[in-house]
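Taken in sequence, the protein lines are chains C and S. With the working numbering applied, the first sequence covers 12 to 176. With the working numbering applied, the second sequence covers 12 to 176.
Note that these hints are calculated values from the structure, not bench results. Keep in mind that a hint or two might mislead.
Copies of one chain are not kept apart here, so a pair can be met inside one copy or by any two copies together.
[Unchecked claim] Computed list of lysine to aspartate or glutamate pairs in EDC-like fashion (alpha-carbon distance at most 20 Å, straight line):
(1) K175 to E106
(2) K175 to D73
(3) K175 to D111
(4) K74 to D133
(5) K175 to E24
(6) K74 to D123
All of these numbers come straight from a predicted model, not from anything done at the bench.
Number of protein chains: 2
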Amino acid sequence: MTDRQSQLAGQAERSDRHDRELAQIEAVLAAMPPVRAMAVRAEAFDGSRLRLSAPLAANVNDKGCAFGGSLAGIMTLAAWGAITLRLARAGVAAEVYVADSRIRYRAPLYADLRAVGGPAEDADWPGFLARLDERGRAGIAAQARIETDDGTVIAEFEGRFAAKR
Amino acid sequence: MTDRQSQLAGQAERSDRHDRELAQIEAVLAAMPPVRAMAVRAEAFDGSRLRLSAPLAANVNDKGCAFGGSLAGIMTLAAWGAITLRLARAGVAAEVYVADSRIRYRAPLYADLRAVGGPAEDADWPGFLARLDERGRAGIAAQARIETDDGTVIAEFEGRFAAKR
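Full structure from sequences and hints, please.
Listed below in structure tokens is the structure:
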């Protein structure tokens, strides 16, 4: 193969893996009745952060804006899914659970929900993998947020997840 | 009326009001598609704290226990509903919004969800009403929890709600 052919093959392989990862997360989400009702879709995973979306219609409250529980749910799922997929890329089979969360609700959302989440920026991922390997169990800080298309912050999530091999 | 008759009439009136309050909260819950999917029921309101329940089957995750988003959602709704009903008893028409929350997930739940929530024990309810009256907007601390029938704590919620007349 030429360099260009090899580059294209590499891209195709990464694209296939990306599609498989999103399909894998969507299959787990669809297996949870309350999440299926939220109609959550996996949009993109960059190796560390996962973007999820959900239509407003399935997540609306009595005031015509997004239900706080749906905002909390999709941010928690984005962070959880990102950690799950990143562990899978590292070849680690583990269950991931939410341990605690802090959420700030900043503004009402009158549009579809788009959440991005993953390990916290200052989280020690190699240390997390090492502790998980040594002790079979480890915790990691995570964050997520929901913004509108024009950059208005709707809600912010910080939390901690536990992984168990 | 004798004292006894008057006492019984008072009990009947309180019981009617209690039924109307639970029906009122259930009507609002049923108007929110994601909450309707959780099949949340209003069980009891003691004037300050609201008890909600939801079947595990509608709120189960891929591991066979209650979905974290459903635990967060039902605790938030119990606190929100209690504040809404207590405001209504005080004759105040106001919209109630969640502003922030902190949740600790302590144990998996393999049974139906039962959440109790309301204003925080140390919340200044008269001050909240006074500020709402003066400024048209006020905030109040709230708490909620989910326990199993044998008293195991599943999840704890602390947060702040804003009310707007």
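Worksheet item: Taking 20 Å as the upper bound on the Cα-Cα distance, should K175 and E24 be classified as within, between, both, or neither?
Response: neither (29 Å within a copy, 53 Å between copies)
Practice prompt. Pop the pair K74 and D123 into one bin, within, between, both or neither, using alpha-carbon distances up to 20 Å.
Written response: within (15 Å within a copy, 28 Å between copies)
Fill in: Homomeric proximity label, K175 with D73: Cα distance no greater than 20 Å
Between copies only: 15 Å across chains, 39 Å inside a chain, cut-off 20 Å.
Worksheet item: Should K175 paired with E106 be assigned to within, between, both, or neither, using CA atoms and 20 Å as the limit?
Response: For K175 and E106, only the intra-copy Cα distance (5 Å) is at most 20 Å; the inter-copy one is 42 Å.
Item to complete: Tell me, please, which holds for K175 and D111 at an alpha-carbon limit of 20 Å: within, between, both or neither?
Response: within (16 Å within a copy, 29 Å between copies)
Discussion item. At most 20 Å between CA atoms: does that hold for K74 and D133 within a copy, between copies, both, or neither?
Written reply: neither (37 Å within a copy, 29 Å between copies)
The structure fails hints 4 and 5 (numbered hints given earlier, in ascending order).
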